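Q: Protein chains in written order, with the numbering used here: chain S, 455 to 567; chain F, 70 to 186.
Because the hints were derived from the structure by calculation, they are not lab data.
Predicted model only: the values in this text are computed from it and were never measured.
Heads up, some of the hints might be wrong.
As the list claims (entries may be wrong) - Using 25 Å as the maximum straight-line C-alpha spacing, the simulated PhoX-like pairs for lysine-lysine come out as follows: (1) K566/S x K110/F; (2) K124/F x K496/S; (3) K476/S x K566/S; (4) K476/S x K522/S; (5) K566/S x K512/S; (6) K491/S x K512/S; (7) K110/F x K476/S; (8) K110/F x K496/S; (9) K135/F x K124/F; (10) K133/F x K491/S.
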Amino acid sequence: GENVEQHPSTLSVQEGDSAVIKCTYSDSASNYFPWYKQELGKRPQLIIDIRSNVGEKKDQRIAVTLNKTAKHFSLHITETQPEDSAVYFCAASMDTGGFKTIFGAGTRLFVKA
Amino acid sequence: GAVVSQHPSWVICKSGTSVKIECRSLDFQATTMFWYRQFPKQSLMLMATSNEGSKATYEQGVEKDKFLINHASLTLSTLTVTSAHPEDSSFYICSAQTGGAFTGELFFGEGSRLTVL
Numbered sequence: 455g456e457n458v459e460q461h462p463s464t465l466s467v468q469e470g471d472s473a474v475i476k477c478t479y480s481d482s483a484s485n486y487f488p489w490y491k492q493e494l495g496k497r498p499q500l501i502i503d504i505r506s507n508v509g510e511k512k513d514q515r516i517a518v519t520l521n522k523t524a525k526h527f528s529l530h531i532t533e534t535q536p537e538d539s540a541v542y543f544c545a546a547s548m549d550t551g552g553f554k555t556i557f558g559a560g561t562r563l564f565v566k567a
Numbered sequence: 070g071a072v073v074s075q076h077p078s079w080v081i082c083k084s085g086t087s088v089k090i091e092c093r094s095l096d097f098q099a100t101t102m103f104w105y106r107q108f109p110k111q112s113l114m115l116m117a118t119s120n121e122g123s124k125a126t127y128e129q130g131v132e133k134d135k136f137l138i139n140h141a142s143l144t145l146s147t148l149t150v151t152s153a154h155p156e157d158s159s160f161y162i163c164s165a166q167t168g169g170a171f172t173g174e175l176f177f178g179e180g181s182r183l184t185v186l
C-alpha cells in the first residue's frame, strides 16, 4: 500500500522567513496530494492540494510543487506569520471510487515573532 | 464548507466495556467516510474506510472485530470499540468526502478522545 514520508518533523523559523516541508510517496498510482493544517486542539483542514497532472500550484503565500518522476512533493510557505504555527500534514490518495488518503507523519511548524 | 460532526468529543470507560463513536455529515451525503486514529504528536493513521450500505474496508493490522464500523445511512457512520483496553486509548477522528466530481478533500469531525481505565 501507499506510504508517505514527511520531513522535517519539527521546523522553527523566524517570522517573515520561508518554510519548506517535503514529502515522498511510494505508490505511483496516487494522483491527488493534499496538505492539511491542524492547529492545536482543532480538526485538520485542507489548505492546498495538487493533482498529478499539475507540477505546481500557488495560493497567496502557500505553494505546492510535485515531481511525479521522483515521487516528491513539497509545501512552501513564504512570509511566515505566527498564525502559521501548527502541524502540517501531507497526504497522498488516488481516485479509485473514494479517495483513500494516507498521511505523512506531520511537521510541527513554529513561527517565532 | 461541508460540516462533519463527531460525538462524543471525549469518553472515559472501564476496561472491558464497549464504546460507540458517531460521525455525522450535517449538510451533505457521504457515501464514504474514513476513520483515523491519532496518537499524541503523531500522524493520522487510517483505520478503515466506511462504505454506506456495505462492509467497511479495514487497513492492515486493524482488528475488525475490535473496531466495528457501521455506515447505515448516507449521513452517519459509527465506530464501536469493543471490549476496550487501556491500549485502545487514543484520539479517534472521522472524515468524509462530499463526493463531488473528482474532489478528494476530506472534511474532519472534531475527534473523540477515548480513555480506557
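Q: Now look at each hint and say whether the structure bears it out.
A: Now for the hints, and whether the structure bears them out:
1. Annotation: proposed proximity of K566/S to K110/F holds, straight-line Cα distance about 20 Å (limit 25 Å).
2. Only pairs whose Cα atoms come within 25 Å are accepted, and K124/F paired with K496/S is rejected, the gap being roughly 30 Å.
3. The straight-line distance between the Cα atoms of K476/S and K566/S is roughly 21 Å, inside the 25 Å bound, and the hint therefore holds.
4. The hinted pair formed by K476/S and K522/S meets the criterion: a straight-line CA distance of about 14 Å does not exceed 25 Å.
5. Between K566/S and K512/S, the direct Cα distance comes to roughly 24 Å. Compliance with the 25 Å bound is thereby established for this hinted pair.
6. Distance restraint check for K491/S and K512/S: the Cα-Cα separation of roughly 16 Å lies within the 25 Å cut-off, and the hinted pair is therefore satisfied.
7. For the suggested pair K110/F and K476/S, the alpha carbons sit about 18 Å apart, so the restraint of at most 25 Å is met.
8. At roughly 13 Å between alpha-carbon atoms, K110/F and K496/S fall within 25 Å of each other, so this suggested pair holds.
9. With a C-alpha separation of about 15 Å, the suggested pairing of K135/F with K124/F holds against the 25 Å cut-off.
10. A C-alpha spacing of about 30 Å is found between K133/F and K491/S, which places the hinted pair above 25 Å, so the restraint is violated.
The structure shown violates the earlier hints numbered 2, 10.
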